[in-house]
Amino acid sequence: DQQVKQNSPSLSVQEGRISILNCDYTNSMFDYFLWYKKYPAEGPTFLISISSIKDKNEDGRFTVFLNKSAKHLSLHIVPSQPGDSAVYFCAASAREDSNYQLIWGAGTKLIIKP
Amino acid sequence: GAVVSQHPSRVICKSGTSVKIECRSLDFQATTMFWYRQFPKQSLMLMATSNEGSKATYEQGVEKDKFLINHASLTLSTLTVTSAHPEDSSFYICSARGTSGGASSHEQYFGPGTRLTVT
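Top line first, the protein sequences correspond to chains A and B.
Mind the numbering: the first sequence is residues 1 to 114 in the working numbering, read in order.
Mind the numbering: the second sequence is residues 1001 to 1119 in the working numbering, read in order.
Because the hints were derived from the structure by calculation, they are not lab data.
Idealized CB from N, CA, C, for every residue including glycine.
Among the hints, erroneous ones may be present.
Claimed, not checked - Between beta-carbon pairs, the in silico distance windows are:
#, chain 1, residue 1, chain 2, residue 2, range
1, B, GLU1022, A, GLY83, 24 to 32 Å
2, B, SER1089, A, SER10, 22 to 30 Å
3, A, HIS72, B, ASP1065, 20 to 28 Å
4, A, GLN3, B, THR1119, 34 to 42 Å
Bound conformation, chain A alone (with noise of 0.2 Å):
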């Protein structure tokens, strides 16, 4: 059973507008969500992450935003650049594992039109 839902195998968005990426999640008791962005044949590049104890954060042009009640977050990306074309994993972690291990969704392709 997945824990952690990207069900948007991909999106494709015009340039400067905003893009959103959503995921879900079932486990109630993760606490830390993170965003990573990944190119082909590389590692992924850690973007923005969420504690449970805040519903919004904020790092230039991207926002993470937090429901609790409905177990759903999303990154949001404005505005859309060329570069930001990548995959992006939504991961989460829970308070009872200390070795923070992550929960990876499965991820969204994103694509930046010109």
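Starting from the known structure of chain A, arrange chain B on it as the hints suggest.
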């Protein structure tokens, strides 16, 4: 801050030989290191978790005698693929988490990955 290096970036080996992949945290002390494998068009698959000075914890289905992990220091972990076979060909990625330097305890910082091809 929080840079992780991985070496080699690409390796080709013959079936039956062993290959060692190194993962280093360059500017922080890695309390925990993780080894992942990624198949084409799939998500990351966690293979094992290792804490410095302790034996690695392997995920279900991962052969610990085939994928030997050593985490001898707070900045270095190695993955050795023993008696490699073509089905071991994959993209192997390490990550590290720590609390010193530029690292946050919750976040994992990834190496650039190693493409292993077994012929």
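A quick look at each hint next to the structure:
1. B:GLU1022 with A:GLY83: 24 to 32 Å: Distance hint for GLU1022 of chain B, GLY83 of chain A holds at roughly 29 Å.
2. B:SER1089 with A:SER10: 22 to 30 Å: holds (26 Å)
3. A:HIS72 with B:ASP1065: 20 to 28 Å: The hinted range 20 to 28 Å is violated for HIS72 of chain A and ASP1065 of chain B, with Cβ atoms some 41 Å apart.
4. A:GLN3 with B:THR1119: 34 to 42 Å: Given a distance of about 37 Å, which is inside 34 to 42 Å, the answer is holds.
When the structure is compared with the earlier hints, a violation turns up for hint 3 alone.
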